[in-house]
Structure formats: C-alpha cells, structure tokens
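S.K.: Chains A, B and C supply the protein sequences, listed in that same order.
Residue numbers for the first sequence, in my numbering: 1 to 204.
Residue numbers for the second sequence, in my numbering: 1 to 375.
Residue numbers for the third sequence, in my numbering: 1 to 644.
Just a few of them, taken from the derived set where beta-carbon distance is under 10 Å, the chain C residues facing chain A:
#	residue
1	Leu-12
2	Phe-144
3	Asn-179
4	Arg-260
5	Glu-261
6	Ala-262
7	Met-342
8	Ser-369
9	Ile-372
10	Thr-376
11	Asp-618
Below are the DSBU-like pairs computed for lysine-lysine, each with C-alpha atoms no more than 30 Å apart in a straight line:
#	chain 1	residue 1	chain 2	residue 2
12	C	Lys-270	A	Lys-58
13	A	Lys-203	C	Lys-368
14	B	Lys-38	C	Lys-545
15	C	Lys-313	C	Lys-223
16	C	Lys-368	C	Lys-349
17	C	Lys-544	B	Lys-7
18	B	Lys-288	B	Lys-232
19	C	Lys-572	A	Lys-183
FYI, nobody ran anything at the bench for these hints, they're computed from the structure.
Every residue, glycine too, gets a C-beta built ideally from N, C-alpha and C.
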Amino acid sequence: MIDPFNIIITGVGGQGNVLAARMLGNTLAKAGYYVTIGETFGASQRGGSVMSHLRISKESAWSPQIPKGKAHLIIALEPVESLRVLAAYGNRDVKIVSNTRPIYPVGVICGDLAYPSLPDLNSAVAQLCDDARFINATEEAVALGHPILSNVIMVGAAAGLGLLPIDDEAFKSVISENVPESKIEINMKAYRKGKEMVGDPVKF
Amino acid sequence: MQVKGSKEIRAGVLDSGLCTGCGACVSLCPYYATHKGKTVMHFSCTREEGRCHAHCPRAEVNLDRISSQFFGEEYSASPFGSYINIHSARAGDKAGVSGFQTAGTVSALIKFALEKGYIDSAVLTKNEEGFGVPFVIDNPGDVEKASGSRYSVSPTVKGVNDAINSGRRKIGAVGTPCQTLAVAQLRGNPLKQEGFTDPIALSIGLFCTWALTASDFTALMKSMGDISTIRKLDIPPPPASSMEIETGNKSYIIPLDDIRKLIPEACSYCHDMTAEFADISVGVYEGKTKQNIAIIRTERGRKIFEEAVNAGYLETEKIPEEAIAPLAAASMNKKKKGLGKLAGANLINSETGHTVIRMKKSTLESILKGGASCC
Amino acid sequence: MLLSKSEGKEFLLMGNQAIARGALEAGVSVAAGYPGTPSSEIIENLASVAPEADLYVEWSVNEKVSLEVAAAGSFAGLRSLCVMKQNGVNVASDFLLHLVLSGTRGGMVLIPCDDPGAISSVNEGESRYFARLMEIPLLEPGDFQEAKDMTKWAFSLSEELGNVVMLRSVTRLSHASGNVKLGALNRTKPAAKFNFSGNLLDAKTGPVITAPVPFRHTQQQGKLKKAAALFETSPFNRYEGPENPELLIITSSACYLYSREALRVLDTEKRAGILKLGTTWPLPPELLKKHLAAAEKVLIVEEVLPFLEENIKILAMENIDSIGKIKFFGKNDGTLPSVNEMNPDYVIKAISSILNIPYTGMPEEYEKSGQILSFTKSPNRELTFCPGCPHRASYWSINRALTLNGENGFVCGDIGCYTMAILPAGFGTIKTAHSMGSGTGVASGFGKLKSFGMNQPVVSVCGDSTFFHAGMPALVNAVHNNSDMLLVILDNSGTAMTGFQPHPGIPSGAAGNELPSVDIEGICRSIGAKTFTADPFNVAETEKKVLEIIENERGPRVLIMRQGCALSPEKKGKKKYNVSVDSNICKGSDCGCNRLCTRVFRCPGLVCDSATGKAMIDEIICAGCGVCADICPSGAIKRSEVAL
Ligand SMILES: Cc1cc2nc3c(=O)[nH]c(=O)nc-3n(C[C@H](O)[C@H](O)[C@H](O)COP(=O)(O)OP(=O)(O)OC[C@H]3O[C@@H](n4cnc5c(N)ncnc54)[C@H](O)[C@@H]3O)c2cc1C
Ligand code: SF4
Ligand code: SF4
Ligand code: SF4
Ligand code: SF4
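Please construct the entire structure, taking both the sequences and the accompanying hints into account.
M.R.: Shown next, in the form of structure tokens:
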C-alpha cells in the first residue's frame, strides 16, 4: 500500500457519506493503521456536497486534508461529485469507484442547469483518470431492501479493488458495532455485493 | 409591433414612472399584482415574450395598427380620433339609474346592453375603502353599485382579465383612455393564440385629463373623515377650479392646484383624452351640467346607442359645432403635451430601448407642430 | 466508547468525541453550552451519557449563560466544562472578563471550536485573542490524541492555577477523526458545596467576586506567570527536527499536521524542524528562546490571524541579545494568507519558496482540463431549504407582502437555517445578516429613522432558538423605544440548523429529560409588542396578515410564524398530503406561469420535465406539505390529505 494512502469519499448530504468513511476508517484502524478522517458536512442536510478525506498510514497520523492532486482512491456515492473531486485532488493514476445513480442538484430539478448523461460523464472522467469504475450501487441497494445500503456497497467495491488491506472479518466487526444485530447480515451482503460488482463495472 | 416580456415592462414601465396602473398585466399570470392602485411585480419572469408586454398601454403601442384594426384607417392627427358622430346625452327615465357622475349615460348604456343581451357581463370600477377596484357584474341591477367616478388610478383591466379567465366572452368594458387602450390591444390577440375570439362586445371609454395617485388621494380623503360617508365627489368644469366633496353632513372644496399634486407622473405622458379606441366615449359636456358628451366611434357602438335612445334609456340632443370646440382644444392640447413628452424622452418609434408608441412620423410631426397649446 | 473501561485501547474518534472522553476521564460533573457548528457534538456526546455518568449537562439559552452555569459548578467545587463555537466567546466575554478576575475553584475549562474558512459559519472569528485579552491560559491540541489528553489535563491545570483555562479546537479537529488511545475514566461523584464565609480575599473560601480589582488582577497575572513556567516542560510542546534547522516552523493545532505533512511531502525533514506548541498563551519563554536561538529562519504556521506570530515576535525582540537576528515568515509578510483555513498545500508552498524546493501538486495541464470539465459537467449544488421546509413558505409570504406594499420594505436577517434567504432558496428576501439576534436589533434601529425621512417598512426575522439567545433584549429595546418594526419569529420548534438541540421553548433538555417550556408568544405579549400568529403553510392568509400588519399597524410588532421543521422527528417521513401535478392543466413555461413552482418556488420535491417545461412531483423527495398546491396559479397541483 502507498503510505499514506489517500481516499476521498464524496457524495451529497443524506447518502451516508460520513458513516461510510467511519466504517472504512474503523476497519483499517482495527487492522493497526493510523487513520485520519476529515469531514466537511456543515451544509449536508441542505443539498450540498459532502466530502470525507481518509488518510491511511502505518507510520503516523496525517493531516485531515489531502494535498491538491494527491488522492489515490475516490469513492463517489454520486456520479458528478467524482468530477468535482478530480478537479481538485485528481491525477492520472487515481482510481475511482462511482455510483451511477444521480442525485440532482436543485438547479437541475428546477430546470436551470443541465446534468450530464452518464456516458458523457464517463468520458469526462476518463479524460482525467485511467481507471474509473461505475457501478449501479443504488439499484442493488434497493434490491437488497434499502437505498441507504448503497454506501456499504460502495465501501465493498472499494475493498474489492484490492488496494487496501481490508479484512472482511474486521469489516464485519465494525458493522456489528454500528448496526443492530438484525441488520448485520444485510450489511455484509451489501458489502460482498459491492466487492463482486467492482470487477464487473457498467460499460458505456 | 415587437412583443417582449416582463423584463422590459419592469425596466421600461414600472421602474420608469410610466405605469398607468391600468391592471392589464394583472391576473394574466402570478407575477403581477395590484395593491392600492399600484401595479407591482413579484419575483421575475424570464419569458422573452408575454401578454403583459403585448397588452400594456405603455409598451410598443402601434397606434396605426390599432386604428386600422378598429376603424380601417391609420391614426390621424384629428382631436377626437376616428368617430361616426357626436351627441349630447343623458340617462333616460327608462334606465332608472342613479348615483351617476355626470348624467348617467355610461350606466344607462351598460344597463341597456346587459338587459338586451348585447353583453353578458360588464367590468366596472367600484369604490372599496377609498380605492377603485374592478367590479365584474352579470346582473343589470348591479350597475348602480359602481356608478360615479373614482378619480384615483384603478386597475380596471384586471377585471377584464378576470372576466375572460372565468369564461365570459361578451363583455362590456368601461374604462379611462389608458385602460381602453389596453383593452383594445388585448382584443387584437397580439400573441396569436389559437381559437381566440374577441371577448369584448362593448367598449365604453371615459374622457380623462388625469387620474390621481390612489394611496395619496385616499389619504387625503381619509384626512377629511370617514370616507364611507362621502356622497359626492366632483370636479365642476371651468371656470371653477376645485374639487368638491360632499360627506354626510359637510362639504369640502379643495383647490385643484392641491389636487394636481397628486397626479402620477404616468399621466403626464398620456396623449389620449377621449378614449379613442372605444366603441363609445363619454365625458362631461362643459357648460351643461346635466349632459354628457358621447362620441360614437363604431358601428356596433352606434347600434347600441341608438337602440338605447329608442328604448328610452338615453335621451339625446344635437350638439352644435361650437359646443365641442373647447373639448377639441383640450384634447389636442393633451395630445401635444403627452406625445411631446414621450418624444422628448425618446419613447416614440425608438429604434433601441423601450418604446411606448409607434406611429407614422408625419402624423406625430403634424400633432406636435399643431396650433399653439394653451395652459 | 465514551464510557468504555478499556484503558489503553485504541479507537477511531472524532475530535469532539475525544474532547468529551477527555472531560469524562477528568471527572467532569457539569457541562453547558450553546449549539454551534463545529462544537455541538461535545455537549451532545456528554448528554448521551449524562445519567449513567452522573453528569449535569445542559443546552443553555446562550453562551454567556452557559459560561455562568458552568462557573457555578466550579464555584461549588466541581469540574465543569463550557462549550461554544468561536463567536460564542464574544457573547460570553463579558462574564469571562469578570470570571478571570474572581478566579475559579473546581477545574473549569472553556472550549471554543473555531471555524477557520467559515465552513459552517458566517464569520471566521478568532477565539485565541480572547485568551490573551482575558489573561488566561490557552491550550491547542495538535491531534486527536491530544484533544483528549489535553482536555483531561486542562481541568487539573485550572485547579492548579485557580482560573479558567481555554482549550481551543478548530473544525479540522472537531469534525475530523483519528486514532485515540483511551485513558482511565474518573467515575467519582463529588459533592457540591459553595463556600463563601471565609476571608474576603481568600480565593478558596471567601465570596467569589472581582473586588478589590488591583489585588485580584495582580493575583490573576501571577497565575498566568505560573502557567508560563509550567508550560516550559509541558509534553504538549515538542520539537521534531535537526538540532540546527535551516528553517524552524512554529505551529499549533491542526496546522501542526499540515506542517509535518508539508515537510514529508517535500522530503525536507532533515533541513527543517517543527516546534509544535500545545500551550500557545502564555508562551513558555525559555523553550522558545532555546529554539529561536538555534534558527535564523522561522516560519509560523497558524490559521487566520497572526496570533502566534505577533507574540513570538515580541518575545524575540525582547530577547534579541540572546537569540540574535531572525528572518520571520508568516502572515505579516504574506508568506501565508491571513484569511481562510490552512491546508497542506499552503504550507508546502511556503516552505518550497523559503527553501527553494520545486514542487508541483498538480500539473498545470491537468488542473486546467479538470477545472473546465468540472465547471461544465458538474452542476453546482446550491444550498436550499429542505422539501416541506416552513421557511420557504414563510419567505414566500413575507417577500410577496413587501412587494405588494411597494414601499421598498426589507428584511433584517439573523442566524439559523433561515439565513439562507439571502439565496434564491428564500427569494433573496434577507438584506442584512450578522450575528445572533442582531437582525432585530438592527431593525429596532432602522425603525427609528422616520424623522430622517426613511419610510421603508422594516422587518426582521429570528428563529425560535435565536429569539431566546439574543433576540429578546432586542425586542425589549424595540418596544421600549417604540421602534416602528415588525419582528417575524420563524418558530420551527427546535435548533434545526445544528441538529435539533432543545431550547427554552421546548419541553425537554439536552439528555431528552422532561423540562418546562417557555412560551414565546406570552413573552412577546408581556414585553408589550403587539403580537400576532400565523401558520406559514397557509400562504394566502399569512401573506395577507403580513401586509396588514405592515400597513395598518405601527410601532413594535411581532408575528410568530409557527410550523415545525420538516426534519423534526415528529414530521420526518410523514406526509400530510399526497400531491400530484395534472399535466393537462399545468402551463409549464408558457405565458401565464413560466414555471412558477419549479423556477421560483424551487421546492426540491417539484421537478421540471425538461422536455415539456411542465412540473412533476418527485414522490420520494416531496415531504407532502401541500404548499405548492396553493401557489400554482392554474390549480394544476392537486393535493389530498393522507389518511392517518
Ligand atoms: C379618473 C377619471 C378622470 C376623468 N376626467 C374627466 C375629464 O377630465 N373630463 C371629462 O369630461 N370627463 C372626465 N371623466 C369622466 C367623468 O367623470 C364621467 O365618468 C363621465 O362623464 C361619465 O359620466 P356618467 O354620469 O355617464 O357616468 P356614470 O354613469 O356615473 O358611470 C361612470 C362609470 O365609470 C366607471 N368608473 C368610475 N371610476 C373609474 C375609474 N377610475 N376607472 C375606470 N372606470 C371608472 C364606473 O364603474 C361607472 O361605470 C373622468 C373619469 C375618471 C374616472
Ligand atoms: S410573460 Fe406572461 S407569464 Fe411572464 S410576466 Fe408576462 S404575462 Fe406573466
Ligand atoms: S400600464 Fe397597465 S399594463 Fe402596463 S405595467 Fe402598468 S398596470 Fe401593467
Ligand atoms: S405553478 Fe402550476 S402551472 Fe405553473 S408550472 Fe407549476 S404546476 Fe404548472
Ligand atoms: S407538497 Fe409541494 S411544496 Fe410541499 S414538499 Fe411536496 S413538492 Fe414541496
């Protein structure tokens, strides 16, 4: 693993971004890593973008903000957010896993702004990074019973890339500390689903 | 004519002191509203083209086009515009109207037209807590509830829009010259809407030299006591130079000079004294308090007017040439002043920016060069 | 975790959790605060364990009162904590000025959480200057472990000095998480007693007062000297780097992490050293002298204003003989910006220019195409009120009433979700916005300008929590001075902006305990303002009411617009109406509507069909408030009440 390994989880208020960051962070902390998570969620409930920076290191704690252009992995819970993050923290080698389900900004809902088509967005992302994988996490989450599970699917997908020393058992123990007993299995299912899906991303 | 949108109305009319408060833009959509005689705009509309602009009497009014539409001839430099004939008139006994301003001609005509089915409804202007508000009626018995003049700016054409919105299609509209002009524009279907039919079956215009800013005038009246007790409010013709107000037990005489201070800037741009695009225009017969002057302009106006005379709703007299001379002079004077002010502000036939009036250049020049204006 | 007994075990903790844990390890008994991002989770975390841990925790009416409540705990011999966001210190500062003179008994810690960059504030105020102004010790944790450990230490330091200690956090610590090793919990429940019968001048047994001032002030300054001496050996002040660094970086707080990162990124740890200070006021002079003497170039890294920089420069000047000449880099020479939050890039840039080390974070080409693509393809996420939010409806009516009135009336805004009315979300209705309660104070002033010819109607808005916080005195002022203004209280039953903390108008406390509630309407009436109420969801009636109150009433008036927040636990997920749009009636972008609901009203529950311009309801997002049905000019939006 590159040390420190820099992850950005990006999305929109209400998508469970902060929770996803903590699940991932806790899993790695359990594995003995220093983890720093920086969160920007002041306006989360009011339609704004939400971003978490994760720094993973064997040596020491790193700062809660990733330097410009230095992300190694971007997990986008919402597709256009990946582009916004790339513009600030991207580089050709960064890996992206992105959900395909848009959450439209109010400007788009109102008909004032345009939201790009997925193929369009995909090609824009491809201009900035070589390995971006789009998976339909929300659809799978709905199939599993609740759209909010899409954040666990995305964490699973990130784990499935094999870039991080994520241990399934460690993840399970973090999940069990955070959700009621009855929900553990469905969360693990979502996690495994994500791991599977990332190997077979949506083709445009 | 170039139809634009509300952005132009806001900048060119509302914020430029040109708005007459006629109400023609109100009740078309959620953006315009009228309150205490003032037209305001809520939020902004982004349409490039809209009925507000098309109907507004202060935006892109093409006098030649409207004149051709109603009278088959271009707008001329004559004092009264196009007409068939002029009468002296007053309400006949058959009409059974009271509370009228001058001689009840307007009320009698509307009542007659309603009773005979020439119109199925009428848009009048009644008094509500000292403000003039549109009043849509279907019943001839309601005519009297709105007789008499409201000298303050009133959004009467909003009532026309309301009547149209509620499905009425044979409407009688009574209005001042600016209101009548707005009605004339909407009758021309400027946005070329499909299935449009002219909803106005009778347009009656009132002579007008000026109106008063509603809130100021109401405040003035309120300062004289309970406005619900006002029985009569009149401006006797010259040489008297005052407004007379009679309340329950008192009467007040206010010098016209004080009243004139309440005239909105918008009126100073007005060039039309006799409501030139009405079917019939009615006003005061100077020197004869118990008579109106009625200018009959269209065939359908003539038909209704004559039938009303025949049915005893109106009584008429021939009017001698010299009797209309003062009116003609006053009318020409208003044309000169109004058009002159518009021209001075580059608001006639302007190539760039806002234009209030479009008309043949030669007609404009002939009006502006016409006999010296008095007072 | 907060009450975990696993001493020595490591957890990933949010800075605010670490602080709460530190307070519990110190055996805190009383905690009070006023909600404000990024500080709120400290009190929330403590409240969540209050009964179990024998704590008294409260959300106070404002920061000044919260400091007073906490001080009472200290006077009675208990360890007490007071928490607020940066600008809260300004509110509390009057009491603070006197508290620092009288001194404290039980350990007392004041924790302001600053928000450099104003990530969730309308200012980037500095609380550090208060420590210097008030002459009290200032501690600044440099990471998450220190957030916990220094909080714990701050209590004993306070007891040792006999005065309140300020521990300052920032957004990037409070709202960030890192590894924290737990210490032992202190679960004793000390008895509270206020002793006052001792000698007037005895700090432990006499009355707690500020007089005689010269005596107390001398004592206070003595405490500060003692603090400086203690700080010389504090483990929270550390030096990392070569003995004689080419560049000495002096830093504190989250900037320590940025500085360390910058040195690593530039691979220059052998050339430059970091003096990380945990105690930034008073500065420990000997420690600083030693390090300053070993360097010729010094870069001071801190957020917003040059607080450390100024203090260090004074110290350096006073000791120029032993330290020698130094070239300082920091805010004053423009090496670092004195606005906005710090980040690793700023520090990298500063060091690379001082030491001449080339660095490119992002190739220019890449940056340019990234910006263009992001600008063109990722539509901006503008902030807006939630679906079903009562504020949207309230501003709709206020805005329309002011327009109808036509006299250029305006709204003085205040602090809360409803501040967003400076944006299209609230139709740009707010024209002034400053601090808590100041909308009404400003309006009270505007309402007295009639004699200078100002005839514009004056309206202020204020949330329910803000009303209690600082709106009430402003209303009293308006009433007493007979100011011609209307205060609209947007009562949504909770401190919604910061996450529904209770306030005095709510019948419950921080820990969910039952409490008496204070009636806003009753207060306004008894203050003597003409008071009206309205339901903002009844838009037509509310608009009429606002207009009538503006036009027909004079003097100080209050209109309470009451409707619960859409996110409130009582409302969330429950629709009152099923709402739909009849597309045959909808006029869409045609003349006659021009998308009033989707373009102007802009509730996120209303979606514009881009092909036809007509409106549709997004069933998932729509909260079912039914308001849009009332604003549609065509009657195209239908609503039917949901059977309960
Ligand atoms: C603002 C104003 C200024 C006028 N200035 C002059 C003038 O300078 N010289 C002149 O000769 N005549 C003027 N008149 C016309 C005059 O006052 C009489 O309305 C006219 O003589 C008709 O008299 P009547 O007895 O037939 O009217 P009535 O039978 O009393 O009927 C009057 C009709 O006018 C309508 N009305 C009242 N107020 C208004 C208003 N503000 N806007 C639109 N409709 C209204 C009423 O609904 C009613 O139907 C003015 C009228 C108005 C409203
Ligand atoms: S263009 Fe149409 S919708 Fe827009 S303001 Fe004018 S009348 Fe209203
Ligand atoms: S003149 Fe009439 S139509 Fe024009 S803006 Fe004023 S009220 Fe509206
Ligand atoms: S306000 Fe009514 S008519 Fe206008 S777009 Fe919305 S639903 Fe359609
Ligand atoms: S009913 Fe209308 S205004 Fe209310 S939440 Fe739904 S879409 Fe928004």
